[in-house]
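> Spelled out, the chains give:
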Amino acid sequence: MARFDNTYSKFVAFAKVALPLASLALLATLFLFARGKEIGLSIPYAEVDLETLAREQRIEAPSFATVTRDGAELEISADIVRPDLSTPDVVNSTIVHGALRMPGNGSVTLKADDGVIDGPAQIAELSGHVEIETSTGYTITSDRVATLLDVSKIESPGTVEADGPAGELTAGAMEISQDPDTNAYLLVFKNGVKLIYQP
Amino acid sequence: QGTQIAFGGLKHDSALPVEITSDQLSVDQNTGKAIFTGNVVIGQGTMRLAAKTVEVIYGSDTSQIARLLASGGVTITNAGEAAEAQNAEYNLESGTVTLTGNVLLTQGNSVMSGERMVIDLNTGTGRMDGRVKTILQSGKDQ
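Read top to bottom, the protein sequences are chains A and B.
First residue of the first sequence: 49, per our numbering; consecutive thereafter.
First residue of the second sequence: 251, per our numbering; consecutive thereafter.
It should be emphasised that the hints constitute simulated quantities derived from the structure, not laboratory data.
Among these hints, one or two may not hold up.
What the hints assert, rightly or not - Calculated lysine-lysine pairs in the PhoX-like style (CA-CA distance at most 25 Å, straight line):
id: 1; chain 1: A; residue 1: LYS238; chain 2: A; residue 2: LYS159
id: 2; chain 1: A; residue 1: LYS238; chain 2: A; residue 2: LYS201
id: 3; chain 1: A; residue 1: LYS201; chain 2: B; residue 2: LYS283
id: 4; chain 1: A; residue 1: LYS242; chain 2: B; residue 2: LYS283
id: 5; chain 1: A; residue 1: LYS238; chain 2: B; residue 2: LYS302
id: 6; chain 1: A; residue 1: LYS201; chain 2: A; residue 2: LYS242
id: 7; chain 1: A; residue 1: LYS242; chain 2: B; residue 2: LYS302
id: 8; chain 1: A; residue 1: LYS159; chain 2: A; residue 2: LYS201
id: 9; chain 1: B; residue 1: LYS283; chain 2: B; residue 2: LYS302
id: 10; chain 1: A; residue 1: LYS238; chain 2: B; residue 2: LYS283
Owing to the predicted nature of the structure, the values given are computational and were not obtained by experimental measurement.
Excised from the complex, chain B in its bound form:
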């Protein structure tokens, strides 16, 4: 079953420049495939996505990046909320981040985990599905 969550409520503009920093970037000379390796951080606006390796998938013409495939343990933070997963796919054109592989979302002091989570950065909402477990800390905030 899926649950609707607010994630990083403020409007995120997916037309902002994307900045990718990493230790290393290797480009295959024949296929042109570009892979960032070594604590890669993708930053756009307030959103930060950190991963071990990120592969760049180009769009129809090679001057456009269509998707960024992050893998090897991904954490995404956006305005105070953080989510972790094994790998993530940031689709730049639609402005959505799909986290897969035991996703863990922490909001304030409530924790939610599931198999798969789709975050729509433009609307600031996320939908988690696949065996969702929620731990709500009731009572006063520590």
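Okay, chain A solo, but in the shape it has when bound:
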């Protein structure tokens, strides 16, 4: 190797050897100190129990709409609907919302925790603090309500409490249906009604 007299040439000759070696070393260790495996975290995996999903059929956020024989539109939507394992054509649903728009301009909205929609019998049974609001300003709470799907009829066989324009009232039973002779849609509280109005 040629001899150099001044330090600068020695330095350059030394650099010509040292620098490539350093870069080689740097390149080699590049993959050694990789950032560990946190790359896997950035991809969000759905924490859903796959077995139950695969085993039971269910529909998310379904909605079911029908027009009753007397021309009222009934629409029922729920969060999750599962087919009933024992009887065909019956579905159990949770967090049920319903709306019945009557031809006049009245409308009734229903809310319930869970419901069973029975296809063949054309009945939707809602239970679990059911709340019914009518366009005439009545908010009715009951614990079980049956809604017919082919005819517009909503009835609660059990006791109901209602808060209306005329004050709070409790009644033995409640039914919203069409009066056969006057064709008007009536909200009827039955089996004893007690209303308290504060003037």
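Given chain A, put chain B in place with the hints provided.
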């Protein structure tokens, strides 16, 4: 001609809560008309008004009841005095009950009948008019 009668002399407070009990209440979904049917009893303070059907007439905004129209044979009692008529209209705002259709008022053992009677619940007085007939039981009280 009209006669002035005391009816349920004690002061009646028309701001007391009104309680209506009946067999059935039906509300028309389009018009919002509310009708109580089946031995309806309207109670307020000491006043009781019993009728077969009572219709609710709302005031200007629907949260206020303006009048209650009772029909089908009405009896109103207030602190021991009773009056009967065919139908009655209880005006909540003015606190007056207007009985119409052969009114029959019994007070103690005197009976009075007429066509129309207006009872002012606040002052505890009533005014009967229209062919008023009075039967006063004189003599000692039985």
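> Taking the hints in turn, state whether each one holds.
Okay, the hints, checked on the actual structure:
| no. | hint | result |
| --- | --- | --- |
| 1 | A:LYS238 x A:LYS159 | 21 Å, holds |
| 2 | A:LYS238 x A:LYS201 | 15 Å, holds |
| 3 | A:LYS201 x B:LYS283 | 19 Å, holds |
| 4 | A:LYS242 x B:LYS283 | 17 Å, holds |
| 5 | A:LYS238 x B:LYS302 | 15 Å, holds |
| 6 | A:LYS201 x A:LYS242 | 23 Å, holds |
| 7 | A:LYS242 x B:LYS302 | 15 Å, holds |
| 8 | A:LYS159 x A:LYS201 | 16 Å, holds |
| 9 | B:LYS283 x B:LYS302 | 17 Å, holds |
| 10 | A:LYS238 x B:LYS283 | 16 Å, holds |
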